[in-house]
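Undergrad: Chain residues, written in single-letter form:
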Amino acid sequence: NAGVTQTPKFQVLKTGQSMTLQCAQDMNHNSMYWYRQDPGMGLRLIYYSASEGTTDKGEVPNGYNVSRLNKREFSLRLESAAPSQTSVYFCASRDGHGGMGNTIYFGEGSWLTVV
Amino acid sequence: RKEVEQDPGPFNVPEGATVAFNCTYSNSASQSFFWYRQDCRKEPKLLMSVYSSGNEDGRFTAQLNRASQYISLLIRDSKLSDSATYLCVVRHGGYQKVTFGTGTKLQVIP
Chain A
556 NAGVTQTPKF QVLKTGQSMT LQCAQDMNHN SMYWYRQDPG MGLRLIYYSA SEGTTDKGEV
616 PNGYNVSRLN KREFSLRLES AAPSQTSVYF CASRDGHGGM GNTIYFGEGS WLTVV
Chain B
2 RKEVEQDPGP FNVPEGATVA FNCTYSNSAS QSFFWYRQDC RKEPKLLMSV YSSGNEDGRF
62 TAQLNRASQY ISLLIRDSKL SDSATYLCVV RHGGYQKVTF GTGTKLQVIP
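Top to bottom, those sequences are chains A and B.
For what it's worth, the numbering used here labels the leading residue of the first sequence as 556, then goes sequentially.
For what it's worth, the numbering used here labels the leading residue of the second sequence as 2, then goes sequentially.
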């Protein structure tokens, strides 16, 4: 049972380079999320997708774009990486049908360093 | 004032001890409350939801105080395996309006 799978796990980028973080979930969840986690800041929402075909900005969307490719996949793209985007990125999903469906499941994280 | 505030710790406690963490939130309209656990360099995982009347799951007890706007987590008979960071999570709207605290680090010592 894979749950939420994200790749790559580690990446070093040069300032100005672009890259895409991939995320897939096999739980048939409707909602998917991208968070970043920085020391002393807690998890902050970058973008989310409430259902297939929709995406919306979260708290810190600047410098990022997303694509909800289908129900399973939700990718995060950095078009021109900046050192301020050095962080740990978590993809997450949620069923959304109440009760335990409100549990947010996270991927294992992607450690991104921009130099 | 931060939306969700936690004492970062670390709380260093001996095995078998009882330890409690509090978390305060600023939005009085907050609707749902959770505790997540995060091990070092791992993803957060749901520990338990927090219900209005308080709830217990084994050695873990969660309570909500809406009047004072805080939630608490009590861990009894601490185990070495309880060492982790505990994240307070508050929802104040749809699930895009979920705020994570910065976490309280617990270290259980043999």
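Hints were generated in silico from the structure; no laboratory data involved.
Errors might be hidden in some of the hints.
[What the hints assert, rightly or not] With a straight-line cut-off of 30 angstroms between C-alpha atoms, the simulated DSSO-like cross-links for lysine-lysine are:
(1) A:Lys612 x B:Lys46
(2) A:Lys626 x B:Lys3
(3) B:Lys43 x A:Lys569
(4) B:Lys98 x A:Lys612
(5) A:Lys612 x A:Lys569
Undergrad: Next step is simple, just say for each hint if it's right about the structure.
TA: Each hint tested on the structure:
1. A:Lys612 x B:Lys46: holds (24 angstroms)
2. A:Lys626 x B:Lys3: Measuring from Cα to Cα gives roughly 34 angstroms; hence the hint is violated.
3. B:Lys43 x A:Lys569: Satisfied, since the Cα-Cα distance of roughly 25 angstroms is no more than 30 angstroms.
4. B:Lys98 x A:Lys612: holds (11 angstroms)
5. A:Lys612 x A:Lys569: holds (25 angstroms)
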